[in-house]
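S.K.: Spelled out, the chains give:
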Amino acid sequence: MIFILAIAPIALILFLMVGLRWGAARAGGAGYLAALAIAVISFGAGPQLLAYAHTKALLLSLDVLMIIWAAFFLYRVVDEAGAIRTIGLSLPHLTSDKGMQALIIGWVFATFLQGVGGFGVPVAVIAPILGGLGFAPLAAVVIPSIGHGWAVTFGSLGSSFQALIASTGLPGEQLVHVPALYLGIAGVFVGWMVAHAAGGFSAVRRLFWAVLVLGTVMGITQYLVAASGLWNIGAFIAGIAGLLAVIPLARRYRGDRQDNGRLDGRALLIAISGYAVMVLVILAVQLIPWLRGILDRVVLQVDFPEVHTSLGFITPAGAGRIIHLLRHTGAVLAYAAILAYFIYRRAGLYQASAMRRILSGTVRRVLAPTVSILSMVTMAAMMEHAGMTDALARRLAEGIGILFPFFAPWIGALGAFMTGSNTNSNVVFGALQLRTAHLLGLSAAVILAGQTAGASLASVMAPTKVVVGASTAGMAGREGDVMRRLLAYTGLLVLLISLLTLIGVWVIGG
Amino acid sequence: MTGLLKWMRNHSFETYLIALFLVTAPPTLLYFAARSGLEWLIYILLGLVVLGNLIVLSVRGNG
Numbered sequence: 129m130i131f132i133l134a135i136a137p138i139a140l141i142l143f144l145m146v147g148l149r150w151g152a153a154r155a156g157g158a159g160y161l162a163a164l165a166i167a168v169i170s171f172g173a174g175p176q177l178l179a180y181a182h183t184k185a186l187l188l189s190l191d192v193l194m195i196i197w198a199a200f201f202l203y204r205v206v207d208e209a210g211a212i213r214t215i216g217l218s219l220p221h222l223t224s225d226k227g228m229q230a231l232i233i234g235w236v237f238a239t240f241l242q243g244v245g246g247f248g249v250p251v252a253v254i255a256p257i258l259g260g261l262g263f264a265p266l267a268a269v270v271i272p273s274i275g276h277g278w279a280v281t282f283g284s285l286g287s288s289f290q291a292l293i294a295s296t297g298l299p300g301e302q303l304v305h306v307p308a309l310y311l312g313i314a315g316v317f318v319g320w321m322v323a324h325a326a327g328g329f330s331a332v333r334r335l336f337w338a339v340l341v342l343g344t345v346m347g348i349t350q351y352l353v354a355a356s357g358l359w360n361i362g363a364f365i366a367g368i369a370g371l372l373a374v375i376p377l378a379r380r381y382r383g384d385r386q387d388n389g390r391l392d393g394r395a396l397l398i399a400i401s402g403y404a405v406m407v408l409v410i411l412a413v414q415l416i417p418w419l420r421g422i423l424d425r426v427v428l429q430v431d432f433p434e435v436h437t438s439l440g441f442i443t444p445a446g447a448g449r450i451i452h453l454l455r456h457t458g459a460v461l462a463y464a465a466i467l468a469y470f471i472y473r474r475a476g477l478y479q480a481s482a483m484r485r486i487l488s489g490t491v492r493r494v495l496a497p498t499v500s501i502l503s504m505v506t507m508a509a510m511m512e513h514a515g516m517t518d519a520l521a522r523r524l525a526e527g528i529g530i531l532f533p534f535f536a537p538w539i540g541a542l543g544a545f546m547t548g549s550n551t552n553s554n555v556v557f558g559a560l561q562l563r564t565a566h567l568l569g570l571s572a573a574v575i576l577a578g579q580t581a582g583a584s585l586a587s588v589m590a591p592t593k594v595v596v597g598a599s600t601a602g603m604a605g606r607e608g609d610v611m612r613r614l615l616a617y618t619g620l621l622v623l624l625i626s627l628l629t630l631i632g633v634w635v636i637g638g
Numbered sequence: 696m697t698g699l700l701k702w703m704r705n706h707s708f709e710t711y712l713i714a715l716f717l718v719t720a721p722p723t724l725l726y727f728a729a730r731s732g733l734e735w736l737i738y739i740l741l742g743l744v745v746l747g748n749l750i751v752l753s754v755r756g757n758g
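Protein sequence lines, in the order shown, are assigned to chains A and B. With the first letter of the first sequence counted as 1, position 175 gets the number 303 in my numbering; the numbers rise by one all the way through. With the first letter of the second sequence counted as 1, position 12 gets the number 707 in my numbering; the numbers rise by one all the way through.
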């Protein structure tokens, strides 16, 4: 009964979005209300606990929303200048093969963007580009959603992997090898799925070797970079390696038209300067110590006291998430957007009142996603504080015993779906997975690899990310359609990680 | 009541703005209310967040 009650808010959101095709904001609101009622009535959550859970959720939401707002702003800055259209028009010069275009933009470029940005940025940026290239809106969202999933753990400048280290207390050198291997293998399957989403099984057959080559290059690169201790830039370097490898490959898959026309290099250069500026600003903030020092001065952090439910579930005291307001990825994206605006303005790409249209367009686009993210993150925080998440994971672990390695990735996936991120899933379930692995005498490195790899791949179908993708591709209100498509792909990928985790436990043992 | 619901459905942007205010402003104050042990204030603020989520439920279409 406890299990059913604990899972009810998540099941309700899934049912409303996938079954009744509700938008994420409405479904999130319903999930929030259900979680609140169950936390109070069945799990003994009191007013103080709920108050702190709400404040913590607001900070977690701010952490995500800053990036989403800035990503939309950057997208509007680039789009208003006509740069996305220019990039879209220039891609057929590389290849007119739709499947190959999907691989280049929706997989390789998505990996690169996940490496430098993350938090929904790849989907927010790429979905409109694919839409401009003539992909159906649903495919335009689904392709980059699947395409970046394999790069989440070592993307976002390593925040998810860092969270796994923090939540388990194990050294990164001990943890890094297995998830890098699992995600590298999954990356190849991701490529085939991107091809399938773009053109069905015929595209998979046609692009089989191209995917194998690109996937191997990116997977091995990510493994080598992460295993050498540079896990913060594992996906970023893998994305660059993929972009370099794709140029000769694209020549072999030029599509039906042998002559793809003349490329306007200057226009393309100005168009991509917005994203080039983004990369430069991110690298500058990461690599220039004095700049980092200045930006680190403004910090938002709140200390939370210990709280407990009337049933005795304790959430220990601790500092909330630290938000470096000026060095936050969202802030960095905003700097990039402002710089890009001036570059495009200098190039004469804007018409009158461009900034007003950029700002109003951004506000209108982000409003509903903002509300839905707040509702869902608050729901997750209440569930965590009330012991609902713990009850859920414990029942799953206790009930399945020796088969736990198979289910460990699904727990990670569940956490990512609920909280909207690989990072949060690792924070919520990392310690629990470690404890369970010890109790069952299993390799902690393998179980935790299952946790983070499952979370990485499933984070793409977290409602918060789906909302972002759907809204940038003109699919707002049709998030259920996107989730239905993603469910099949993501389910297969998490199943793959489950099998790899089982094999890992057999090979490595306890 | 019916008129209000109709207005909210026809003005989704304004409705989301109201909902956004209701789900963001109270959680900031909730921290201080909990620190001060003001349970009555916590209930009022939680009520506002619940109201914000109920308002979102009334908006069909986008989001």
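If you're looking for bench data, these hints aren't it; they were derived computationally from the structure. Take these hints with a grain of salt, some might be off.
Claimed, not checked - From chain A, some residues computed to sit far from chain B (all C-beta separations above 10 Å):
#	residue
1	Leu164
2	Pro265
3	Ala496
4	Gly619
Said to hold, decoys possible - Cβ-Cβ distance ranges computed for the label pairs, FRET-style:
#	chain 1	residue 1	chain 2	residue 2	range
5	B	Ile713	A	Leu352	50 to 58 Å
6	B	His706	A	Leu358	48 to 56 Å
7	B	Leu699	A	Gly440	41 to 49 Å
8	A	Ile636	B	His706	55 to 63 Å
9	B	Leu700	A	Gly527	38 to 46 Å
10	A	Leu428	B	Gly732	23 to 31 Å
11	B	Leu743	A	Leu453	22 to 30 Å
12	A	Leu408	B	Thr723	45 to 53 Å
13	A	Thr344	B	Gly732	22 to 30 Å
14	A	Leu428	B	Tyr738	25 to 33 Å
Every value quoted in this text rests on a predicted model; they were computed, and no experiment measured them. The beta-carbon is built from N, C-alpha and C at its ideal position, and this holds for glycine as well.
S.K.: Look at each hint and say if it fits the structure.
M.R.: A quick look at each hint next to the structure:
no. : hint                              : result
1   : Leu164                            : 7 Å, violated
2   : Pro265                            : 14 Å, holds
3   : Ala496                            : 3 Å, violated
4   : Gly619                            : 26 Å, holds
5   : Ile713(B) / Leu352(A): 50 to 58 Å : 52 Å, holds
6   : His706(B) / Leu358(A): 48 to 56 Å : 51 Å, holds
7   : Leu699(B) / Gly440(A): 41 to 49 Å : 43 Å, holds
8   : Ile636(A) / His706(B): 55 to 63 Å : 59 Å, holds
9   : Leu700(B) / Gly527(A): 38 to 46 Å : 44 Å, holds
10  : Leu428(A) / Gly732(B): 23 to 31 Å : 24 Å, holds
11  : Leu743(B) / Leu453(A): 22 to 30 Å : 26 Å, holds
12  : Leu408(A) / Thr723(B): 45 to 53 Å : 35 Å, violated
13  : Thr344(A) / Gly732(B): 22 to 30 Å : 60 Å, violated
14  : Leu428(A) / Tyr738(B): 25 to 33 Å : 27 Å, holds
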